[in-house]
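Number of protein chains: 2
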Amino acid sequence: MKKINVGLIGFGNVGTGAVKILSDRKHFLSDKIGLEINIKKICDKDISSKRNVSVGRSQFSKDPKEIINDPQIDIIVELIGGIHPAKEYIAEALKKGKNVVSANKALLAQEGRELFALAQDRGKSIYFEASVGAGIPIIKSLREGLVANKFYSIFGIVNGTSNFILSQMSNNNCTFNNALNEAKAKGFAEKDPTLDIEGIDSAHKLILLTYLCFGRFVSLEDIFIEGISQVSLADINYAKELGFEIKLLAIAKKQSDELEVRVHPTLIPKMHLLSSVSGIFNAFYVSSDLAGNLLFYGPGAGQLSAASAVISDLVDLTQGLKAGMFRPTLNIAVDKSIKKLRRINEIESRYYIRFMTVDKPGVLAKIAGVLAKFGISIASVTQKERRKAQVVPIVMIIHEAKEKDLRSALEIIGRLDIIKEKSVAIRIEEV
Amino acid sequence: MKKINVGLIGFGNVGTGAVKILSDRKHFLSDKIGLEINIKKICDKDISSKRNVSVGRSQFSKDPKEIINDPQIDIIVELIGGIHPAKEYIAEALKKGKNVVSANKALLAQEGRELFALAQDRGKSIYFEASVGAGIPIIKSLREGLVANKFYSIFGIVNGTSNFILSQMSNNNCTFNNALNEAKAKGFAEKDPTLDIEGIDSAHKLILLTYLCFGRFVSLEDIFIEGISQVSLADINYAKELGFEIKLLAIAKKQSDELEVRVHPTLIPKMHLLSSVSGIFNAFYVSSDLAGNLLFYGPGAGQLSAASAVISDLVDLTQGLKAGMFRPTLNIAVDKSIKKLRRINEIESRYYIRFMTVDKPGVLAKIAGVLAKFGISIASVTQKERRKAQVVPIVMIIHEAKEKDLRSALEIIGRLDIIKEKSVAIRIEEV
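In order, the protein sequence lines correspond to chains H and X.
Position one of the first sequence corresponds to residue 1 (our numbering), numbered consecutively onward.
Position one of the second sequence corresponds to residue 1 (our numbering), numbered consecutively onward.
Just so you know, not all the hints are guaranteed correct.
Pairs count within a copy or across copies, as identical chains cannot be separated in the list.
[Unchecked claim] Simulated pairs of lysine-lysine, DSSO-like, Cα-Cα distance not exceeding 27 Å:
#1 Lys26 - Lys62
#2 Lys340 - Lys32
#3 Lys150 - Lys32
#4 Lys322 - Lys3
#5 Lys150 - Lys26
#6 Lys20 - Lys150
#7 Lys95 - Lys322
#8 Lys336 - Lys32
#9 Lys339 - Lys26
#10 Lys254 - Lys20
#11 Lys366 - Lys402
#12 Lys26 - Lys254
#13 Lys62 - Lys3
#14 Lys2 - Lys322
#15 Lys32 - Lys87
#16 Lys254 - Lys336
#17 Lys3 - Lys336
#18 Lys32 - Lys322
#19 Lys270 - Lys240
#20 Lys96 - Lys322
Simulated from the structure, these hints should not be mistaken for lab results.
Please take these sequences and the hints and turn them into a complete structure.
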């Protein structure tokens, strides 16, 4: 049986999982795919730790060059994470005629434009299913299953940490800090959770999804990013009373000939499937012109789940290699109807707004007056509590308005002496 | 640019959609896939009807042999439906060295064992994404995206007609007959809706899903099938009060070394995503050992949605053909840990039960007494209404019990003089 040699750079959590599966399911897989995937060499800085998987001493190396320069190795799997030297390893491997599998979303989001171009130039492929949604086959589905489709939008719950925190707040009525601490205790959040809770990780994934759906490689700077650290339990509860859940969404959405790319807390109607995605799960809601509206849901992280995606990529590459194809990836189609990116100021949205005001007659009239000057109309309004001579919340849903008009109105309202705290505005998506 | 010639047999709704997309998106697709998909010949009994798609007169034929015997045609797409002569056309095409795309779930469910074996024997492939879940890439995901996984179970809402009817009953509090009539009026149900509402169509799809997940080709006779025509509005409403929705599920589930395959109305907890799948939508809830629990959701029917799947299959085949691969399909792995099929009598399940009894003291004691004799314990019980001297419903949830014990108990209870109508028992799946 033909053997495809694979070199693994990075023998951490996911790498160990992949090696273990390839070894435990050797015959299961070779029966399916008609060849053997052979992990010829494994490289890691740490080659001495116990990993509970049987690997021959001779397979190990401390020097990635031993893999990159090995002419018998057909595919390298990069699982070290970080930008450097992962980027250099991948570039070098492509230049040496190897195909690449990577789970490195930060790298591909930041340097993908260059790396994908290099791969194309060399007639090689970079596969990256594990980088978004772990074992959920979202990348394969967008690239192959929906190959004939044009896309209107993709809405993703793509960060398990943030979704866990928001779910805990909503389901258990706890504060952001308590939920974050629980996430840390359960291993769902890193010691420094900034990348996750401030939306950066979601934005990295959004870059890759936007590339797959619209053929555009946007930069991190192109994406409007707002994390969940400012989401209060009060707003989650008020939103719930109004029939919404608050989720951190990664959104890429075509509006006429413009594309919106943004990551922010979003009110989603409770009727919508996305609002039921709880805990560390991920979900992708895709609107396409032929296959309609689709949802893909599953665990967005985990050793075996990510390893499942890595092996799916390996199998795809081996099928191409088996047949002597050099570049099995389908090309990404550029949506030429998109003329430019729409900046956040230009988007139109419904909003949830909470004002903290003095409890006096005439307050609402003043606020509504300013909103009206900007052509903003109110869909509903509730004064939530009345505590004499204290600050009270006024919760409002407004009809479709331009972000910049709303921002201007909020700035003016913020200067009124009836306003006692910073107002909160959260976008609503009907999805 | 290399051209792959395709012959289409069956120029109805889906066929017209596929031809239209291939023509409208000719460059979009060839840019992606690196070759041209050329519909060389189209065969249909009716070649004169207007179809709103531009096809040259010379492409048409009334004789499928013209396609099957054309050595320049690499792939045939079978979209005529029905068993004969579709089966003969596909078999003939495989023998002539062609790969096949089919949307014909009834044919593949009934004759697939023979046809897939023939394809394997000839080193050719039958692709059938459109046959289950239309444009939802569930088959590709099971076959390729989850290639490294073993499966515990798949639960599918796979029949849009039945799901529409049950959703209407649940959301609009209408009877089965009213919902069915609405489905007919909207074009969601056929004049004779038997195949859909009696679970046959779901069973056909379950055969294909079981084959993909477990490598076993079961027969229609192996599947326990119960449709939705006996589901009453009362049961839907009582189930709802208890926190459940009733859905028609197609279930393939491994229990130790046995496999259960069944289609029946099922109570699903409202918390579960499957319970929120409404209207004509389909969903697949897949439990796998590496990638975890996944949901795939989308429209399960429709001209463009099915055509999207047909084109995805065509593209997969062309990628193999481009590379000179004769058989791009991955083999199906047989789950050797499954020793036999578990018949319905042997399954264990929680159940929802409704008894219609006289309204007298002691009724519950009698029923509970019989259940206890069979070791069946009651989780909750409610007497729903009290109308003096009338028949009243007693609604019960019972703990895990063996189907055959429950059936025996129900038979004995049915003979008690306190029972005034046939009792209803519906299985509960925690999923």
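We went through each hint and held it up to the structure:
1. Lys26 - Lys62: This pair counts as within: shortest intra-copy Cα distance 26 Å, inter-copy 49 Å.
2. Lys340 - Lys32: between (44 Å within a copy, 22 Å between copies)
3. Lys150 - Lys32: between (32 Å within a copy, 12 Å between copies)
4. Lys322 - Lys3: both (9 Å within a copy, 22 Å between copies)
5. Lys150 - Lys26: Between copies only: 13 Å across chains, 38 Å inside a chain, cut-off 27 Å.
6. Lys20 - Lys150: The answer is between: 15 Å across copies meets 27 Å, while 38 Å in one copy does not.
7. Lys95 - Lys322: both (20 Å within a copy, 24 Å between copies)
8. Lys336 - Lys32: between (39 Å within a copy, 14 Å between copies)
9. Lys339 - Lys26: Between copies only: 22 Å across, 48 Å inside.
10. Lys254 - Lys20: between (42 Å within a copy, 24 Å between copies)
11. Lys366 - Lys402: within (20 Å within a copy, 67 Å between copies)
12. Lys26 - Lys254: Between copies only: 22 Å across, 44 Å inside.
13. Lys62 - Lys3: Classified as within: same-chain Cα gap 24 Å, cross-chain 47 Å, threshold 27 Å.
14. Lys2 - Lys322: This pair counts as both: shortest intra-copy Cα distance 8 Å, inter-copy 20 Å.
15. Lys32 - Lys87: between (32 Å within a copy, 26 Å between copies)
16. Lys254 - Lys336: Intra 12 Å, inter 48 Å, cutoff 27 Å: intra-copy only.
17. Lys3 - Lys336: Between copies, since 24 Å is at most 27 Å while 41 Å is not.
18. Lys32 - Lys322: Intra 13 Å, inter 21 Å, cutoff 27 Å: intra and inter.
19. Lys270 - Lys240: both (8 Å within a copy, 17 Å between copies)
20. Lys96 - Lys322: This pair counts as both: shortest intra-copy Cα distance 19 Å, inter-copy 24 Å.
The structure is consistent with each of the numbered hints, conforming to all of them.
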